[in-house]
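Sequence order for the protein chains is A and B. Taking the numbering used here, the leading residue of the first sequence gets 101, the next gets one more, and so forth. Taking the numbering used here, the leading residue of the second sequence gets 17, the next gets one more, and so forth.
Derived by calculation from the structure, the hints in this document are not laboratory data. Among the hints, a few may not be true.
[To be verified] Residues on chain A that point at chain B, a partial pick, calculated with CB under 7 Å:
1. R143
2. F155
3. E188
4. N306
No experiment lies behind these values; they were computed from the predicted model shown. Beta carbons are placed, not taken as given, at the ideal position from N, Cα and C, and that holds for glycine.
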Amino acid sequence: MFDLLGTTLPSRLLLGTAQYPSPAILADAVKASGTSVVTVSLRREMAGRRGGEKFWSLIRALDTRILPNTAGCHSVKEAVTTAKMAREVFGTSWIKLEVIGNHDTLQPDVFGLVEAARILCEDGFSVFPYTTDDLVVAERLLEAGCKVLMPWCAPIGSALGPVNIMALRSLRGHFPDIPMIVDAGLGRPSHAATVMELGFDAVLLNTAVAKAADPVGMARAFGKAVEAGREAFCSGMLEPRDVAVPSTPAIGRAVFS
Amino acid sequence: MKLMVNGEAHEVAATTLAELLAALDYEGDWLATAVNSDLVQKANRAEFQLSDGDRIEILSPMQGG
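Let the hints inform the model, and build the full structure from the sequences given.
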């Protein structure tokens, strides 16, 4: 169980809903992962098409919490307006706040992110900021009113896994009581297990599952990895050492010469 | 009146946002609307007066990461 902003969640895996081969596979992957939070977005509706209706029905049938995003927003104004529109449509004050600063890396514009976070927190939103692993930016986001942080571990969709363990470890160490969800860049279940072993509270991923050869199987694998990583963190892992230490007792061994 | 709706130019007789949605065949409680980059809540669409040149965004739920 995982307490996130006063909500008890059965899973520490948050899952995106984009890029799946079909709506049915998306639904099956969500179930297989065990997730209880899915991310969604808002996009332009086509006149007369009722395009959002089917997806909205599918999402409601999943019976999970919804975390809308502001994906694709490149300015504070865009992100704030999109967040307000999402709150009305999805009926939640949770918002995954993205203010993108670079087209190639999709890394956040952290200055705009802090500004947008402050505006939205003052307006009653629970802001989940998609941020880098920068410690000072994290401090500013908390000062702006954020109660949770979502640092990347690598660029969105890159599948690189945690590229800067030291920064993630430092972030975790500085804010031991702030819920932190590693968002973006995870490629394999072992990546998820690694960041969970570092003590992060949860992970959010999408592409690694949706673009796998078998998204349902991969969703299940990520669910297990997240559980394994968390249990390992809570169980106290050995620190690496440079010398060998026999695991079988040396006392009582036979002498044959 | 000339308006930009989801990035496309339209010439319409509608004077309110609610009338515009009906005229262009947008319906559904899953829609969100903004005029000139500001949210216009569903409850306010009927009374929201449009002006020539307004930019309207009509959004709906979509897959997202």
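Inset, instruction - Identify whether the interface hint at A/N306 stands, where standing means a beta carbon of chain B within less than 7 Å of its own. - result: Status holds, d = 4 Å.
Legend entry - Status of the hint placing A/R143 at chain B (closest C-beta pair under 7 Å): holds, 4 Å
Legend entry - Status of the hint placing A/F155 at chain B (closest C-beta pair under 7 Å): holds, 5 Å
Inset, instruction - Grab the minimum C-beta distance from A/E188 to chain B and call the hint holds if it beats 7 Å, violated otherwise. - result: holds, 6 Å
Going through the hint list in order, the structure satisfies each hint without exception.
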